[in-house]
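Peer 1: Below are the chains, spelled out letter by letter.
2 protein chains.
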Amino acid sequence: MDTKNIGLRGIPVADTRISNIDGERGKLIYRGYDILDLTKNSNFEEVCYLLLHDELPTKSEYEDFTSRLKETRYIPKQMQTNMSNWRKDADPMDMLQAFVAALSGYFDEEFSNKESSYDRAINLISKVPTITASWHRIRNGKKIMDPKPELTHAANFLYMLTGEVPDEEIEKIFDICLILHADHTFNASTFTARQVASTRAHMYSAASAAIGALSGELHGGANYEVMRMLLDIKTEDKVESWIKEKMDKGERIMGMGHAVYRTYDPRARVLKELSKKLSEKINLPWFDITQKIEQVTIDEMKKRKGVDIYPNVDLYSASVYYMLKIPMDLNTPIFAISRVAGWTAHIIEEKFAEAAPKPALYRPQAVYVGKYCGPQGCEYKPLDLRAETKQ
Amino acid sequence: MDTKNIGLRGIPVADTRISNIDGERGKLIYRGYDILDLTKNSNFEEVCYLLLHDELPTKSEYEDFTSRLKETRYIPKQMQTNMSNWRKDADPMDMLQAFVAALSGYFDEEFSNKESSYDRAINLISKVPTITASWHRIRNGKKIMDPKPELTHAANFLYMLTGEVPDEEIEKIFDICLILHADHTFNASTFTARQVASTRAHMYSAASAAIGALSGELHGGANYEVMRMLLDIKTEDKVESWIKEKMDKGERIMGMGHAVYRTYDPRARVLKELSKKLSEKINLPWFDITQKIEQVTIDEMKKRKGVDIYPNVDLYSASVYYMLKIPMDLNTPIFAISRVAGWTAHIIEEKFAEAAPKPALYRPQAVYVGKYCGPQGCEYKPLDLRAETKQ
Chain A
1 MDTKNIGLRG IPVADTRISN IDGERGKLIY RGYDILDLTK NSNFEEVCYL LLHDELPTKS
61 EYEDFTSRLK ETRYIPKQMQ TNMSNWRKDA DPMDMLQAFV AALSGYFDEE FSNKESSYDR
121 AINLISKVPT ITASWHRIRN GKKIMDPKPE LTHAANFLYM LTGEVPDEEI EKIFDICLIL
181 HADHTFNAST FTARQVASTR AHMYSAASAA IGALSGELHG GANYEVMRML LDIKTEDKVE
241 SWIKEKMDKG ERIMGMGHAV YRTYDPRARV LKELSKKLSE KINLPWFDIT QKIEQVTIDE
301 MKKRKGVDIY PNVDLYSASV YYMLKIPMDL NTPIFAISRV AGWTAHIIEE KFAEAAPKPA
361 LYRPQAVYVG KYCGPQGCEY KPLDLRAETK Q
Chain B
1 MDTKNIGLRG IPVADTRISN IDGERGKLIY RGYDILDLTK NSNFEEVCYL LLHDELPTKS
61 EYEDFTSRLK ETRYIPKQMQ TNMSNWRKDA DPMDMLQAFV AALSGYFDEE FSNKESSYDR
121 AINLISKVPT ITASWHRIRN GKKIMDPKPE LTHAANFLYM LTGEVPDEEI EKIFDICLIL
181 HADHTFNAST FTARQVASTR AHMYSAASAA IGALSGELHG GANYEVMRML LDIKTEDKVE
241 SWIKEKMDKG ERIMGMGHAV YRTYDPRARV LKELSKKLSE KINLPWFDIT QKIEQVTIDE
301 MKKRKGVDIY PNVDLYSASV YYMLKIPMDL NTPIFAISRV AGWTAHIIEE KFAEAAPKPA
361 LYRPQAVYVG KYCGPQGCEY KPLDLRAETK Q
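Here the protein sequences line up with chains A and B, keeping their order. Take the first sequence: its position 3, counting from 1, is numbered 3 in the working numbering, and each next residue is one higher. Take the second sequence: its position 198, counting from 1, is numbered 198 in the working numbering, and each next residue is one higher.
Please note that the accuracy of each hint is not assured.
Identical copies carry no separate label here, and so any pair may be met within one copy or between two of them.
Claimed, not checked - Okay, derived cross-link-like pairs now, PhoX-like style, lysine-lysine, Cα gap no bigger than 25 Å in a straight line:
#1 K27 - K114
#2 K88 - K77
#3 K114 - K371
#4 K70 - K59
#5 K40 - K371
#6 K371 - K27
#7 K358 - K234
#8 K172 - K381
#9 K172 - K148
#10 K40 - K381
#11 K59 - K371
Just so you know, the hints here were simulated from the structure itself, not pulled from any lab data.
Let the sequences and hints guide you as you build the complete structure.
Peer 2: The structure is reproduced here in structure tokens:
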């Protein structure tokens with residue numbers, strides 16, 4: 001086939017009101033609001049409302065929404081028991097994909113209309129953190145922590161994960177991380193969610209599929225790779241030779257460069273500040289090392305290939321999560337904890353779009369390049385008449 | 001956006017060697033072989049090998065493949081226990097999506113190379129029937145039947161489902177159904193599987209997502225709707241008025257018409273014969289009613305709109321499954337039992353394509369049509385300053 005459609009890059013497939021990337025100017029907006037404004041002034045719960053409802057909540061809407069989020073944080077005891085049957089070394093993303101799909105085995109909200117899709121969205125936004133934290137406790141043989149309704153979404157997750165209520169600064173940093181990762185137009189997992197929803201499958205089904213897509217190393221796994229790089233480099237003075245060596249071998253530097261942004265990824269800008277703040281607070285070298293990686297990669301790319309390159313969202317989120325004491329293999333589940341807000345908004349948009357052109361079930365064209373022996377296909381030869389050794 | 005890409009209809013996205021639909025001439029080929037040849041001469045196990053390996057097996061390859069399929073039919077006892085924790089009225093497709101994802105929680109084959117992907121494919125082809133049958137027994141409070149290694153894939157599933165070994169004719173009919181549904185190029189579930197695989201997610205993850213897509217009523221649920229229509233009509237003499245009434249209201253007749261075939265769907269042709277054979281064997285009116293539906297719909301469409309319409313795969317499969325005594329809500333899981341052969345082949349092709357142009361992570365373009373208040377987006381107003389009632 002013609003290579004122009006490979007990966008559907010640049011092929012418009014649907015309208016959206018949910019988010020927009022301005023790759024030239026390095027802007028990301030959610031429902032019209034600049035994410036830099038939202039990270040400064042809003043919180044994750046309000047951003048979830050915004051993404052789902054196309055507008056910021058009034059005070060009473062906000063109170064109702066946050067109290068519903070809090071009420072739905074629990075997961076059924078049976079589900080916890082089921083989790084304890086898994087291999088303890090199972091991948092947390094595999095667990096998340098399975099147990100999000102399993103939510104429909106425990107809950108049977110009416111799901112054929114738009115209103116009940118909002119109920120499911122709240123259920124998902126609330127329960128994905130609980131599933132993640134519960135599994136982490138179970139695999140480490142620790143007691144599962146019940147959610148604390150007096151805590152915010154961000155603080156409650158860290159509490160369920162570690163058993164300790166985080167201080168306000170840590171809570172705020174994690175909240176900002178959740179805001180930054182909540183949506184990013186038609187990335188691979190969001191497009192997967194939309195595609196499953198386009199068949200009229202229900203929201204748990206579509207969200208579970210999206211988690212599957214996010215679990216791939218080309219999508220959600222990049223900040224894990226960045227942290228491995230940091231741990232491998234260890235000290236700032238080794239950065240230059242490490243990066244040059246990788247580049248000499250033609251390898252990519254993780255966390256640098258993006259398919260859409262032609263300038264600084266606005267999320268990287270915020271995460272850079274957070275990484276700096278955390279490194280200073282707890283006196284660790286990860287910010288300095290990361291900043292040096294950024295600088296050396298920019299300089300070397302300019303020198304070697306004459307191109308400008310910028311950090312993407314993963315470069316500084318790696319050290320931020322590490323300093324928040326989040327186990328490295330939970331980086332991608334934490335991406336899911338945030339992105340589920342976007343997925344649920346996109347699933348609702350896909351299923352209940354009111355303006356034309358409305359989305360339709362995605363069924364692209366395949367280009368057949370296989371065997372084709374005449375109009376009838378190849379001639380079938382019975383097993384006994386086939387040669388034992390292939391020609 | 002321009003409507004031309006809606007649903008990606010007609011947009012080529014990747015090369016495939018797996019199957020081809022000739023919509024004009026009503027031909028479906030798997031790896032070069034006409035499915036009419038395969039239904040006459042082959043069996044589902046051999047078709048699975050063909051779809052996965054691009055060629056028919058030699059005798060020893062066939063024996064090895066079928067014995068591996070038989071060995072992997074069991075599911076872990078723990079998984080059966082987990083199933084028994086579900087709501088007994090949960091949708092079997094929801095259960096299947098969750099427990100296929102959960103396979104990675106029990107099995108940890110190395111999955112980074114092509115060879116181990118074939119192991120996972122065998123595991124999936126074997127276990128999807130066992131998961132489906134086990135759940136059906138559990139929800140009805142019946143003892144789970146262990147797989148019988150002396151039975152074929154088709155016979156073993158019917159045995160695990162009902163507790164009785166089917167007679168040879170029934171076994172053969174079901175085997176043909178499995179062959180007919182095994183692949184159909186880039187339908188919505190297969191494209192979902194390919195999309196998840198494009199992020200480098202593993203095969204269980206991609207197959208689980210595909211089940212999610214198949215569960216949607218626009219994709220896998222159609223033959224269920226056909227059977228509801230048959231049960232509603234009940235007798236042949238009511239067909240004409242029933243169809244006319246639906247058409248007067250502008251409603252679609254389920255099981256008639258297809259997006260790709262411009263002539264008789266070859267699968268419908270085979271299923272029509274099977275439906276006839278079964279109806280005669282057990283003296284039931286479902287074939288006659290279905291055939292009458294076909295005829296009346298063809299005549300009325302010609303008269304009213306001047307267009308030709310043909311049955312699709314769902315029209316006659318509904319009565320075939322019903323007469324095979326398969327509970328109606330298992331029609332779509334049975335679709336999965338067959339289509340998982342195609343999914344696994346496509347996942348391997350997506351991940352390990354050797355010829356250029358190789359597939360890449362699918363990330364299409366979104367067209368932002370939402371709010372956009374100037375270059376910085378909308379101005380954020382703190383909660384306390386927002387009006388309680390929206391303008």
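Peer 1: So, for every hint listed, does it hold in this structure?
Peer 2: Consistency of the hints with the structure:
1. Taking CA atoms no more than 25 Å apart as the test, K27 paired with K114 passes in neither setting, with 30 Å inside one copy and 40 Å between copies.
2. In the homo-oligomer, the alpha carbons of K88 and K77 lie at most 25 Å apart both inside one protomer (18 Å) and across protomers (17 Å), since each shortest distance falls under that limit.
3. Taking the closest pair of Cα atoms, K114 and K371 come within 25 Å of each other only across two copies (21 Å); inside a single copy the shortest separation is 46 Å, beyond that limit.
4. Proximity of K70 to K59 under the C-alpha cut-off of 25 Å is restricted to the intra-copy arrangement: shortest distance 17 Å within a copy versus 61 Å between copies.
5. Only between protomers do K40 and K371 lie at most 25 Å apart by alpha-carbon distance; the minimum there is 20 Å, versus 58 Å within a single protomer.
6. Taking CA atoms no more than 25 Å apart as the test, K371 paired with K27 passes between copies only; the shortest distance there is 14 Å, against 48 Å inside one copy.
7. In this homomeric assembly, K358 and K234 never come within 25 Å of each other (Cα to Cα): the closest approach is 51 Å inside a single copy and 36 Å across copies.
8. Within a single copy, K172 and K381 get their C-alpha atoms only as close as 68 Å, which misses the 25 Å cut-off; across copies the closest is 19 Å, which meets it.
9. Proximity of K172 to K148 under the C-alpha cut-off of 25 Å is restricted to the intra-copy arrangement: shortest distance 17 Å within a copy versus 57 Å between copies.
10. Taking the closest pair of Cα atoms, K40 and K381 come within 25 Å of each other only across two copies (12 Å); inside a single copy the shortest separation is 70 Å, beyond that limit.
11. In this assembly of identical chains, K59 and K371 lie within 25 Å of each other by CA distance solely across copies; the values are 21 Å between and 64 Å within a copy.
Checked against the numbered hints given earlier, the structure breaks hints 1 and 7 and satisfies all the rest.
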